[in-house]
Each structure stands twice: as C-alpha cells, then as structure tokens.
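Chains as they are written, first to last, in numbering that gives the first Met the number 0: chain A, 0 to 341; chain B, 0 to 341.
Short derived list, chain B residues pointing at chain A, Cβ under 7 Å:
(1) V249
(2) F267
(3) I269
(4) S270
Stretches of chain B that chain A covers, calculated by requiring three or more beta carbons in the stretch to come under 8 Å of a beta carbon on chain A:
(5) 146-157
(6) 216-222
(7) 241-247
(8) 276-287
Honestly, the hints are just simulated from the structure, not real lab data.
In this text the structure is predicted, and so the values were computed from the model without any measurement.
All C-beta atoms, glycine included, are put in the ideal place defined by N, C-alpha and C.
Protein chains: 2
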Amino acid sequence: MPDQSWIAVDAMGGDEGLTVMLAGVAQARRRHEGLKFLLVGDETAIAEGLKRHPNLTANSEIVHAAEVIGGGDKPSQALRRAKRTSMGVAIDLVKKGRAGAAVSSGNTGAMMAMAKLALRMLPGIDRPALAAPLPTLGANDVVVLDLGANAECDARNLVQFAVMGAAFARIIFELDSPRVALLNIGSEAQKGTDEIREAAAVLREARLPMTFTGFVEGDKLARGDHDVIVCDGFAGNIALKTAEGTARFVADLLRRAFTSSVRSKLGFLISRPATELLREHLDPNNHNGAVFLGLNGVVVKSHGGATASGVATAIGNAARLVRADLTRRIADDLGHFQTAAA
Amino acid sequence: MPDQSWIAVDAMGGDEGLTVMLAGVAQARRRHEGLKFLLVGDETAIAEGLKRHPNLTANSEIVHAAEVIGGGDKPSQALRRAKRTSMGVAIDLVKKGRAGAAVSSGNTGAMMAMAKLALRMLPGIDRPALAAPLPTLGANDVVVLDLGANAECDARNLVQFAVMGAAFARIIFELDSPRVALLNIGSEAQKGTDEIREAAAVLREARLPMTFTGFVEGDKLARGDHDVIVCDGFAGNIALKTAEGTARFVADLLRRAFTSSVRSKLGFLISRPATELLREHLDPNNHNGAVFLGLNGVVVKSHGGATASGVATAIGNAARLVRADLTRRIADDLGHFQTAAA
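In isolation and in its complexed conformation, chain A is listed as follows (with noise of 0.2 Å):
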C-alpha cells in the first residue's frame, strides 16, 4: 500500500522546469492541507529552489535524480536511462510505495513507457490510457480517453478504455452511472470504422454501473450531454487540440473585435468582468491533469506548458484520485467486467 500522503513530483520536466514546478507545489500545498510531497530532481537545484518556498521545506522531502528527459525524446532511449532520470525515479517511488502518485509535466510518450514499465497494467488491461476531463455546458465536465497515448486502438482496447473512464468518471464527478459515448464520424449504426462499432456492440450488451449512449460526433463534445468519451489516442488528440486550438482561435478574434475601435474597447472593459469569468472557465490550467489510467498505481501528466498554477492543479487532481481509491476501483469494474463478460 502506497503512502497516501505523498506526491512524488518530477521537479525537473516541463517547458518552464524548475522553477515553475516548486512554484506549483507550493501552491498545491496552500491548496491542500495534508500533502506531503518528494521533489524528485537535481537535489543542489532544487535546494536553492527551495529558499524561495520555506513553508515548502516542513512539508517535502528531496530526491536526488541528475538527469532529466527531454521533450524530443523518444520512449525507447528515455527507457533506457529511466532510473537516472526525476521522471523515472518519480514513479519509481510510486511503484515502492513510498507515494501515493507521481505528477510529471515532461514527455508524455516517455512517461507512459516508463510507467508502464515500472507499474505494469491492471489485470484485464492490454493498454494503458490517457484520460482528461474538459469543460461543458452542462453540471460536470466530460472524462475523454485516449488523448494520445494510443495512435491505434483495437475494439477490445476501446473497450476497456469506457470501462476504466466510467470508474474514473464515477470518482471524479461522483456519480453511479456515467454516460459513455464513443467518438465517432456520425450517429447511425452504421457509421465509423470496424473497431468502434465492434466496441459498441459489446458496449452495448455490458452490464456495468454506466449508460452507454452510443455515437457521438466531434461538434457535440462540449454540450454536457456525455460524462465519458471514447476513443483512440490518434482521434482523442486531434479532437482535444482541435477544441484548444479553436478557443484560442475565437479568443484571437474577439480581442482584435474588441481592439478594433475605441468604441468597442469601452464596451470591453465595461463587460470585463463577465469576459474575466469566460477566461478562467476556459483555462486550460484550471483543467490541467491527465490520467494514465490502468495502471498500479496513480500518474498524472501535467501539460508541459502549465503555469504554477496549473501544476498545482494536476497535483490536487492527482491527490484526490489517491485518496478516493482509483486504481481499485478499476480493478474492481474491471473484475465485474469479465465476470459479466465471461
């Protein structure tokens, strides 16, 4: 039994490094009575580090790691050096029980090789998958797995990846019995590709705590109408990217709307703190945190450029899903699964 109390932090990966993770730790801790976290990296860097953060120090525990895994490398070399690396070693700690999760904003290719690896899958798995709840219109967010730990997925893979995010979505957005849906080029029956509609027959005939709605297309993501989406890591991708991508299109264009006259710049700040509300709502560091689902144990992979306070959010995000017991109750959905199935 891992300890619970404690994050393993990889302190080193990331665009900003360093200083931005120590800056997110320390507002995790603010965030977050009771975490206690092992700061994984570089031990004179992150020493220094440290001054800048004293009420940190009562609260963490350095662990030396010297080298770190660039975001260019590929899973097989970051293999190899993975026990030298603060990625490596922070889930290392996971799989010795000395922390509840590990949190890393570096490499997510290298990460998912590493932790598969060093914490191997839960029975019943053949992959593990990267998971990420996204704004909606409606009361919760929406769980969409594969993001793109997966380009290709199978029918069976698809499978487990609805049952692993009702469990996730049942935790998460405590509710009994999630909609799941999985992304596909149309609603009719006979639309997508031979794997989804395999996976939606057997999804079909399941007999888990979540409601399988069936297809849902790219343009409805966001209307709420859905707790879980499924699919390959190559189409979960393309679509999260393509959502971030666009807000930030319609972001773009609003400011030059609102900048294009004087007129329109009064109307601007006069509204601001309306538009202020619509920014935080749609900041992705306040969604920041993805999933390695499947596993032993808890890995969260923060986005590579989230500010501190973004880190401090995939940490609370990685906290809460080691407290509310997430790896057995997959396995436990998982179990009743093939129970089911069998």
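Since the structure of chain A is provided, determine the placement of chain B on it from the hints.
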C-alpha cells in the same frame, strides 16, 4: 466540355428543403452575373416555389426528379434509385455536359457514392476526397481534406489528397506554391501512424508546385501557417466538427457571460458592431461548400443546415471552380506527379 454557365442544383436536398434552396439560388443569381441554373426536383413544387422568385425564372430551367435522398439513407440504397432522385439527376447533368457543376445540401455518403459512379475518378486517383476551406488568423483560409468521405486511408490516398488539395488551394487562394501539411498527433518525425509517416516520406521528395511543411497538430489548424492540411476522413471529420462545436461552445459561454449582469449587457451593446463582425467571420454559412476533389467534374456539398445565404456561397464556390477549370488543373498536377514519381 460541360456548359460552364449552368449549375445543376439539387433543389430538394438539405434539412430545410426547397424553400431555402430556391432562396439560395436566387441570392446566387444576384451575387454572380451570368450564372444559369438547372433546378432539379419535383416539377410542380419547384414551379410553385419559383413564383416567389420571379427574377430567377429567366435564368433557370426545371429538370424533373420524383424522389429525394433522405438524410439516413445508406449509400448503397441511394445508388439503386440514383436516376430517379434530385441529387442523382443533378450529378448526371454534369456527366452529360449540360451543367458545369452540381450542388446539393443532401446526404454526404450518398452524394459521394453517386458522384463516384456517375463521374468516375480522374486518372491516378483511387478515392475522391471532400475538401473545404476553414477560417484562420492568416491571410487566407486553410483547405482541409478529407473531411469524412473516407474513414480509413493509406499513404497513397493521403499523397493523392495532398496533390489535389494543393491544386485546389492554388486556385481558390491564388498561390503559386501552397504550404501543405499532414495532420498528426505530434510534430516530430516518428509521431503518428505508419500511413502518415509513409505519406510524409513521399511528399518530402515530391516535385510539385507545393511546399511540404511536415506535420501539424490540431491546435495549430487555424493559425494561418499552412494553406492545405491533409488527413484521413475520420480525423478530418473529428477536427472539423470539434472546431465547429468549440466555436459554438465559446460563443454560448460568451453569451452567458454578457447576459450575466446589467453591466456586462451594457458593455456588450456598446461593443456590438465589433462582435457582429466576429460573428460574420465565424458564420459557417460564409464558408459553406465542400468540394469532392478527384472526380471528372465539379460536385459541391452544401451543409445540410445551410441558410439561403450559405447555399448561395456554395453555388458561388461551385461556379468559381468551374470557371477556374478545377478538374483539368488537378488532372494536370496528377500527371506531373506521376511523371516525377516514375
């Protein structure tokens, strides 16, 4: 040689049917001098509808077709009764040389199947692709293809789409060497599926009037860094619809924000001229008209829910592509490409 001044319009297809289609044709007539229309569908209903558009009568002829393709009809069903349907007859008028292009707001799958069978593919093309220009922050829109006609594609298909997309971009954006990228889940060379990596290898060596810019991710579609983005129909459909859905989502959130207080309402009213410009820039009706590329003839798919103004935009695009000799120019490019490859 088809009669380039005539456009065959499926007057019955689309969610709104005849009334919107005729109003769209009437707008197209006002926008584009010299166009003439073959209005295909129920003779009596069209004649009755034309009473509202007296100026259209001199520039149009009715071509009778008794049946209409439904939105839920499978392509195979549609093909069997093609010659009795308004969509099938409109496409057949292009085949017979009586019209330069066919335009329909009906069922995409049926349209693709009918167009392939009636018009056949250009030499060197295995499958047609659905292409459309989408708005960007740059100087011109970006052509994205395939948008859903082919859910699964091999490297050869993707390369053909790139050649056709570049020819299309040269015409509609008046560029000499369009920047062409492949949609992928990362920008590094090892990312994505085998099909995408193979297509990239071919395009890197292709000697064509285009600049191959490598891989582009979903968040950078609208930045204006590329003129053509190539993907399989599954990814293209997900990207297009996610972009549409996200733009609508942000607009809905904005509306909520602007009506959340008297103060923000006031600011909104003052800024209104600016936000109206933005609305116009994002209105899908101003970007309506996806084109099936790779056929012996111009076939344009208008959005099922297009307004009269959207239908007029699609007809205008069709007319422009006919005048620009789209089919011959794509065939020429394919010829050069095959010569270079041999």
